[in-house]
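Visitor: We have chain D already, so just place chain R on it with the hints.
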Amino acid sequence: MKIPYYPGCTLHERALDFDKASRECANVLGVELEELPVWTCCGAVFPLTTDSVMEILAAVRNLAYASRMGDKVVTLCSFCYNVLKRTNKVMREDGERREKVNLFLRADTETRDKIESFLKEDYVGQVDVLHYIEMLRDVVGFDKMAKHVKTRLEGLRVAPYYGCMLLRPHGEMKFDEHPEQPTIFEDFLTALGCDVVDFPMKTECCGGFQIVRDEETAIACSQTVVASAVKRDADLIITTCPLCLYNLDRKQKEMEKRVSGFRKIPVIYFTQLLGIALGIDDEHLDFSDNYVDPRPALAEKNLV
Amino acid sequence: MEHRIGVFVCHCGSNIAGVVDVKRVAEQLADYPGVAYSTDYLYMCSDPGQNMVKDAIKKHSLTGVVVSACSPTLHEATFRRAGAASDLNQYRVEMANIREHCSWVHRGDKEKATEKAIKIIKTMIEKVKQNEALEPISVPMTHRALVVGGGIAGIQAALDIANAGHDVVLVEKSPSVGGHMAQLSETFPTLDCSQCILTPKMVEVSQHPRIRLLTYCEIDDVSGYVGNFKVRIRKKAAYVNRDVCNGCGLCVEKCPRTVASEFEEGLATRKAIYTPFAQAVPNKPVLDRDNCTYFESGKCGICQKICPVNAVDYEQKDEFIEEEVGAIVVATGFDLYPVVNIGEYGGGSIEDVVTSLQFERLLSASGPTGGEVRRPSDGKIPKEVVFLTCVGSRDPENHVSYCSKVCCMYLTKHAMLYKHNVHDGQAYVFYMDVRTGGKGYEEFYQRATEEDDVLYLRGKVSKLFEEDGKVMVWGVDTLTGRKVEIAADLVVLGLAMVPNSTAVELSKKLKIQVSEWGFYSEAHPKLRPVESLAPGFYLAGAAQGPKDIPDAVAQASASASKVCALFSEKEYHREPIVAWIDEDECSGCKVCISVCPYDAIEFDSEKGISRIQEAICEGCGACIAACPSATIQQRNLTDSQLYKMVSAALED
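Protein sequence lines, in the order shown, are assigned to chains D and R. 1 is the number of the first residue of the first sequence in our numbering; add one for each residue after it. 305 is the number of the first residue of the second sequence in our numbering; add one for each residue after it.
One or more hints might be untrue.
[Claimed, not checked] Per label pair, the in silico range of CB-to-CB distance:
| id | chain 1 | residue 1 | chain 2 | residue 2 | range |
| --- | --- | --- | --- | --- | --- |
| 1 | R | 605 | D | 300 | 51 to 61 Å |
| 2 | D | 169 | R | 547 | 52 to 62 Å |
| 3 | R | 829 | D | 169 | 32 to 42 Å |
| 4 | D | 95 | R | 917 | 41 to 51 Å |
| 5 | D | 95 | R | 682 | 56 to 66 Å |
| 6 | R | 377 | D | 50 | 35 to 45 Å |
Simulated from the structure, these hints should not be mistaken for laboratory data. None of the values given here were measured: they were computed from a predicted structure. Positions of the beta carbon are idealized from the N, C-alpha and C atoms, including for glycine.
If we strip away everything but chain D, and leave its shape as in the complex, we get (with noise of 0.2 Å):
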């Protein structure tokens, strides 16, 4: 089965071992991740103007190649989910904003000829916008999944860390259905045979963009969300986002100095722990750019 995967300049460029885990995961589910032939920048944040179209523009034009090549779009960075699946709303709902994008769409030449023909259909929101634990969920089946595991991840205890971007706004994200109490990462470790760690932080902001402004706010908060994992005996925590991942797991060097008895946890990407369940071997299962290193705890429970 082929799906259309939108990879977004982040897994192209700095998470490039989130791009490899997913991918090789995708295969042994039997997925093949199409990658779009040509795709640019998301836009990275959702524009909250309503009264002009240029910050959706690039989304769009991503979602209209994606619906050349089918009905889904898969992502993977929670920026990237965001952005794509709130203007694929707006292209659904907003009569107004949808033909002025088009009018753009029509207009570019270069991208007409790159793509073919497809400006002959107005974009309208064709394509669903779907995160890859969405597509595990919904497309492959969590019980699927778990047939495929080849080494159950018993006695291993996960705290899934969902942050903000997956969930919010809630009425236009439509995540989860509970979504101050989201359940799909719980679903997903639990058909690893993971132990879930359900710890309060789970959807609590990592810091974001903030720790480019203001350090000290950002890793006050990634602060909080580390702390609250280890407390309740976490062996690792997973994330869905490089940002989240970046101040979960890199700024763990800056809590080191601030706080006394830190306490350190390693910080993966869920489908790296799903590699690792799906028997995938180390060479596409890149540890090398975390500062935690997971593979002592993975190593204590048998599973490297």
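Guide: What follows is chain R alone, placed relative to chain D:
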């Protein structure tokens, strides 16, 4: 018949006269065919104005009257009475609305407004010319009332109606009357014990010679119409013959199965065979089949064996009771908004985050802790307690948009009672606004802050979670602009009041309207607050909207007085502006029967024709439009009248 119509043009102060040239209107219409008298006056609805109408009818031998003034909803009844006082049939008096339909909407063009006023009046003159002299329809009436719901509102309504001398059937779905009020500890603003003021009424309602109390019963079906309802009541199988049972309680004592008690809001257990609480009325148990070992496995049967009067009957089935009543009071009460929907507060998963009703039980002398405030998780006395208002309320994006009205007051009471209980404890209340509208309410709130040191913090709480045996409260004090973090021992949620879970289903059986959130709709928000739009239905208590006890009781008494007013006449009188079928023309195709929303048309199979039941017909006109042979007409709104009216309106 020679037409002698009187036209009375009202100035309505400057409301009409400021725009419409009323003098010219009156003068011009004096010459209109059939008009015998035409005049204008400053306020037609005033006594002198009404007298002008009365006098003119006699003096000019008028056969019809058109009062050209405001909307008929305002003064039609006034002028009909005036006409009747001068022996003119009241249905020959009509209103021409030249205020709402003309002067108020055409302030900018006096000339055209005047022309329009003349046209409006001409159409009504044409209508009156063909109006029949009618008499109100009289319908026989059963002078017995049904009250649905046995909480404080239902109890009050039932007692008031019964004390006025009418029979009442009171239906309650749970095993006992009392409703939520029976669960409460003490009541604001006087702090009298809820049970102490309620239980005498519960007993009274069960012993009143005019009240038939049916507990553990539900409304199955309602048919008929005002004055003549037929009600089918499902008497749920209690598996205890409650007529034989002497209430000794042996079965309850010996029953080996325990389940969470609804009355104690899950803070204590009850048996599978149970009375919900010690003061229940009637104080006789019912058997909860879903949790009974005997019904699960066929084993046990202890209750049957031990019962000294052989009242336990496992073969009992639901029974149906038929009742005929003339009026129905709906008092089905409220539920709390489901805590599971509030994920940020744990969605019900944190033991020491309790609902307001649970906290009432923790405060109650008859509650699971004997009135000592102890938290559910470990039974410790909490030293820091946080109360949250507006949980689910006033949150249109996520939950319900309305204010639940009573939470500010009961949380203030909670905080105060907690402080009376735990002197060295600290109570915090997070609020959006403190709403204390009510007699003695503001003073009560002041007392909480000044005498009991309850700390009020203006802000919402964003998150509750467990940490080291405490409930962490993340909030904000918007008055200082600071984030507030409290490690609380107990948190109480002031959850929104929502309609009882059965309300919407019941509304379909009763065919009465509900509003957006499922509360029953009143006929008019200000002037008819206790009546439903459907005749014969009255509303009481929190079923109509969030209410505290004084308001619920007041509304219940108001409903009762409406029922008594209805019952004050032997027969029920209603407007005769209904549809009628020309028996000679009707082909019996039954199309009218299929479109009638009120089931007001029956088929006379002997004659092969449809027949309108005037007592039920609301005069909506659906059948008239649907009738393929134009055999159905509306009284005083016939096709011929409409044709003349339209012609008058289109005339140059």
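Visitor: Using the C-beta atoms of residue 169(D) and residue 547(R), is the stated range 52 to 62 Å upheld?
Guide: holds, 59 Å
Visitor: Residue 95(D) and residue 682(R), beta-carbon distance inside 56 to 66 Å?
Guide: With Cβ atoms ~58 Å apart, the hint holds.
Visitor: Determine whether the Cβ-Cβ distance between residue 95(D) and residue 917(R) falls within the hinted range of 41 to 51 Å.
Guide: holds, 49 Å
Visitor: Just to be sure I understand the hint, the distance between the Cβ atoms of residue 605(R) and residue 300(D) should be within 51 to 61 Å; is that true here?
Guide: holds, 55 Å
Visitor: Can you tell me whether the CB distance of residue 829(R) to residue 169(D) sits inside 32 to 42 Å?
Guide: holds, 33 Å
Visitor: Taking 35 to 45 Å as the hint, is the beta-carbon distance of residue 377(R) and residue 50(D) inside that range?
Guide: Holds: the Cβ-Cβ distance is about 42 Å, inside 35 to 45 Å.
Violation of the numbered hints given earlier is absent; every hint is satisfied by the structure.
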